[in-house]
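**Student:** Read off the chains here:
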Amino acid sequence: MSSPAPGPSAARRWLHGPRGTALVALFFVLVATAFTWPAARLDPHTLVTRHFDLYVTIWLVEQAIDGLPRLLATGSAWPHGESLVRVDSYLLMLLAWLGRGLLSGWLLTTLVTWLGPALNAIAAEHCARRVLAVERPWSLMAGLAFGFSGIAATAVLEGHVYFLLAAWLPLLLTTAWTGPAHGLPWVRGLLVGLLWSLSLLSSAYLGVLATALLITALAARPQRVLRLLPGAALVALPIAAWYLWVFSMNRHHATLELKPELVLSMGTATVATLTTWTAQLDTLRHSVGSPVGFTTLWLLLFAPLVLRSERGWRALALLALVALLFTFGRSFRLTDTSGGLPSPLALLVSMPGAAMFRFPVRFAWLFQLCGGLVAAATLQALARRLPVAALLPVLGLALVDAILGVGLPFRARQALADVPSAYQAAPEGRPVLDCFGRSLDSTSGELEMWTRNLGCYYQAHHGRPILELCLRTEVVSPRESIDAGLGDALLSHRGADDPEMLEALRGWLAEEGVGSVALHADFYTPTDRALMISGLEHLLGPPIAESHDGGERVVLFPGASQAQAQ
Amino acid sequence: MKAASLLLCMASLAHGQQAPPADELQRITVQLYGAPAEKSFTVERELGDRVPLVDNAAAVREGVFEAVPARSVQLRLLQLDEVGEIELWSGLAMLTDRSREVLAFSYQVDDQYARALRVPAAPSLHVAAGQEPVGAYRLAMGWGALVLAYLGIMVVGWAIRSRRQGSA
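Here the protein sequences come in this chain order: A and B.
If you use our numbering, the first sequence corresponds to residues 1 to 566, in order.
If you use our numbering, the second sequence corresponds to residues 1 to 168, in order.
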């Protein structure tokens, strides 16, 4: 006897059961694979990124293993080390520390790059079902909007992969919105506090966004959320107090904001950058933009018409629109070159200590979450009156928005992950001085940041301490000063023919404790390169190693004390 | 004169190439945007080999180097005219892609650096790096209009059915 064909209710039960959940998770992992390709290849010779910050993020992750308990990285800023009190993401460091021995910096960051968007999407889809009672498959809309957004692409391209640890936001909203369950408000409250803390520890910006979500939930459902607050405070307040204490420590280690206008200009959205991506965006604006996805945007704007008899969505829609306006920063502009209308956020940005608001484009995370939730609810409301077959293509449109509209697979680059092997000949425990030469490109600081982050990335692999400061963006580092001084002396008129100058340089390098000098030969012009190599030979003796791997030519010289001993 | 020139050397996307071994070299495409039509340009790399920059299908001046180091390359951009060669820019370009050719950087030569490099701050060089990518915006707006049209039809259909069911 054959069993009856499953009816709509059976299919619905299947879709909402564990198998349906597994299918949804698989779908988002597949989309994430396409979205962040080729991260899923897990090729140890490749970093999937575009700009220079992934190098230093990997360095930071490697430092976490020894440095996290003391909040001190001993690999950089030799001999004192570098404080880790103001790092971007304590959670990423904590994950590295917990996974020590199993997860290298490369593997952890690549896994976060690949699977972070999928986890964010799964959490947002769950949020849509619990918060706005959106059923599958329409709830997928929320996952697509939040998991595979333009701002997530910016995190990948910039190398700020810790922003992809954003699943806490939808989980926090779900927990706070649905309120105490089964008479256990304390447990739910503790969970809210934990999720808020995880957001803060993922990134300070995500902590701010989590606070905005909590305030919105409180405004929309005061009775429920108020009952959660005591439990939430029990977890969140100690974490927040610790966070503030750590941030207030060593204020002199704070990043000097010498170019706040430049940072703010690059960290804000324009109508153009919210619309699509361009080659110019990636070349001139550090890929900082957030194409919002037309499917999400139009469904959100249709919500007042379609959802007018529904409840619960208005607060989220309002938060989405406010967040979208905040992404513009100080003024609403069409393009980078056009003038703009002043924005209320200008007041916030100009406040002392509000440096973090100088990347207002990150409010797009809130837009993508709340806008995606409302879009999913709108889609479901349409599906109640229209054939499913007519509305399923809308999910396809959202998928096109995620892959083509955001364009991450076409924008991501495969950077070389290998490290020059010459470093292996450097004496253990003694600092390496990386010489990249003096850059003339001081107008943008791009080349300085490239070389600085590359040196730190190499340090994470060769393990010898370096003089570089890896966590600052605007401070002249001791490495740069010595590199420039050495280069100026050896490339000067008399150069390596001046014995007094050579003696003075040896004394200087010995005083700084330099154990070896790594000349990054490709970074010099041919004339300067020849002069530097012959000059360093005069100064320190013949090279102890030379390599042509790791993407460049590195010539390693002994330190001054070894040269004097010889 | 604040800025004499701004050059954009950008990546071109060439798909289907195998990633070279880690210690090998890569191929890059140099593109020059907004070059005056009457001028000729060439790019020289430190080894001394040159490639002329000629218009590609998108009317962007373009030249390709084979086998350059994976992290950076020293280049000189030369303008060729009746008085000879003028070095417009020279320097280091960081490479960010080893499997598809990529040279992605921008460089602004102002008077100070022009002197430092002994480069004439040629007023004739006004490379329009800031050109708005109108084509990309048009494509995006077209896509947005298509999505709006589809969703608009859905919403109108929904409204008609809602009214019918309400009146019934």
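Calculated from the structure, these hints are not laboratory results.
Treat the hints loosely; a few may be bogus.
Said to hold, decoys possible - Partial list, computed: chain A residues near chain B (C-beta under 8 Å): (1) T21; (2) F247; (3) A272; (4) W298; (5) F302; (6) L305; (7) L386; (8) A389; (9) V394; (10) S534; (11) E537; (12) H538.
Ideal Cβ placement from N, Cα and C applies to all residues, glycine included.
**Student:** Which numbered conditions among the earlier hints are violated in the structure presented, ordered from lowest to highest?
**Tutor:** Structure breaks hints 1, 2, 8, 10, 11, 12.
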